[in-house]
Amino acid sequence: LAKTTQPISMDSYEGQEVNITCSHNNIATNDYITWYQQFPSQGPRFIIQGYKTKVTNEVASLFIPADRKSSTLSLPRVSLSDTAVYYCLVGDQGGKLIFGQGTELSVKP
Amino acid sequence: ETGVTQSPTHLIKTRGQQVTLRCSSQSGHNTVSWYQQALGQGPQFIFQYYREEENGRGNFPPRFSGLQFPNYSSELNVNALELDDSALYLCASSLMGPAYNEQFFGPGTRLTVL
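Protein chains in written order, with my numbering: chain A, 459 to 567; chain B, -1 to 112.
Chain A with its partners taken away, still in its complex shape (with noise of 0.2 Å):
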């Protein structure tokens, strides 16, 4: 079974860039790791979706090493507006999805 460990919280201020590790082992060869930011009381939006190395798209970015054991989002010069909770997502090799905990991003003014 697929485990993924992500820092409980993070504190930002506005204008920096922030990035979030997310340690996962045992993941599906195939798949691939995805983002998700969270606000309270909605569902989860897509940020970000990689297989190896580096992916960027208008918000972010994704680094993930060759071992694809770990993957970090990186968001540049971050707003009052990206506090949220951010989540990665995996596949396990049994075909389960897997959540890590969340990160909640405190950004300051």
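Please note that the accuracy of each hint is not assured.
Every beta carbon over 12 Å from chain A, so not counted as near; a handful from chain B, in silico [unchecked claim]: (1) Pro59; (2) Asn75; (3) Asp82; (4) Val111.
One-sided excerpt, in silico: chain B residues whose CB lies under 8 Å from chain A [claimed, not checked]: (5) Ser31; (6) Gln39; (7) Gly40; (8) Phe43; (9) Gln46; (10) Gly56; (11) Leu88; (12) Glu100; (13) Phe102; (14) Phe103; (15) Gly104; (16) Pro105; (17) Gly106.
I should point out that these hints are in silico values taken from the structure, not numbers from a laboratory. All values reported here derive from a predicted model rather than from experimental measurement. Yeah, the Cβ is synthetic: ideal placement off N, Cα and C, and Gly gets one too.
Following the hints, complete the assembly by docking chain B onto the known chain A.
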């Protein structure tokens, strides 16, 4: 293009009762996954349906069951409700393929079991 919708928004049941939650997937998506999210925790995978067949299941007892219909909408049924079943139930739709983890979530159904 319509997003993922869930009904009802909120529900209160008593222990031992049965409940059915509904989800309409995003247009063009053929896969639906259901999650249980307790307060302050990450979503826990219940099961996934792909083209009306169960395609993976988490560590939930058989009293959690589901259906996917030909139009790819889905139901989650929970029998013999327990107090610990109180949670936000999330449905997510996706298109099965190499990037099937790009799931689109609905707003959830908040279930309270008294």
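Hints, verified against the model:
At the 12 Å boundary, the C-beta of B:Pro59 stays outside the reach of chain A, the nearest C-beta of that chain being 15 Å off. For B:Asn75, the non-interface assignment is confirmed: its Cβ lies about 20 Å from the closest Cβ of chain A, beyond the 12 Å cut-off. The claim that B:Asp82 is not at the interface with chain A holds, since no C-beta of that chain comes within 12 Å of its own (minimum 18 Å). Against the 12 Å criterion, B:Val111 stays outside the reach of chain A, whose nearest CB is about 19 Å from its own CB.
Interface hint at B:Ser31: satisfied, since its Cβ lies 6 Å from the closest Cβ of chain A, which is below the 8 Å cut-off. Residue-level restraint check for B:Gln39 holds (minimum Cβ-Cβ distance to chain A is 7 Å; threshold 8 Å). Interface hint status for B:Gly40: upheld, as the beta-carbon distance to the closest one in chain A is roughly 4 Å, under 8 Å. Against a cut-off of 8 Å between C-beta atoms, the interface hint on B:Phe43 holds, since the closest Cβ of chain A lies about 4 Å away.
With 8 Å as the threshold, the beta carbon of B:Gln46 comes within range of chain A, its nearest partner Cβ sitting at about 7 Å, so the hint holds. For the restraint placing B:Gly56 at the interface with chain A, the shortest Cβ-Cβ distance is roughly 5 Å, inside the 8 Å limit, so the hint holds. Given hint, B:Leu88 at the interface with chain A, holds; its Cβ is 5 Å from that chain's nearest Cβ, closer than 8 Å. Hint on B:Glu100 holds. Least Cβ distance to chain A is approximately 6 Å, under the 8 Å limit.
With a least beta-carbon distance of about 7 Å to chain A, the hint placing B:Phe102 at the interface is held under the 8 Å criterion. A cut of 8 Å between beta carbons decides the hint on B:Phe103: the least distance to chain A is about 3 Å, and the hint holds. Interface restraint check: B:Gly104 against chain A, minimum CB-CB distance 5 Å, threshold 8 Å, status holds. Interface hint at B:Pro105: satisfied, since its Cβ lies 5 Å from the closest Cβ of chain A, which is below the 8 Å cut-off.
Because the closest C-beta pair between B:Gly106 and chain A is about 5 Å apart, less than 8 Å, the hint holds.
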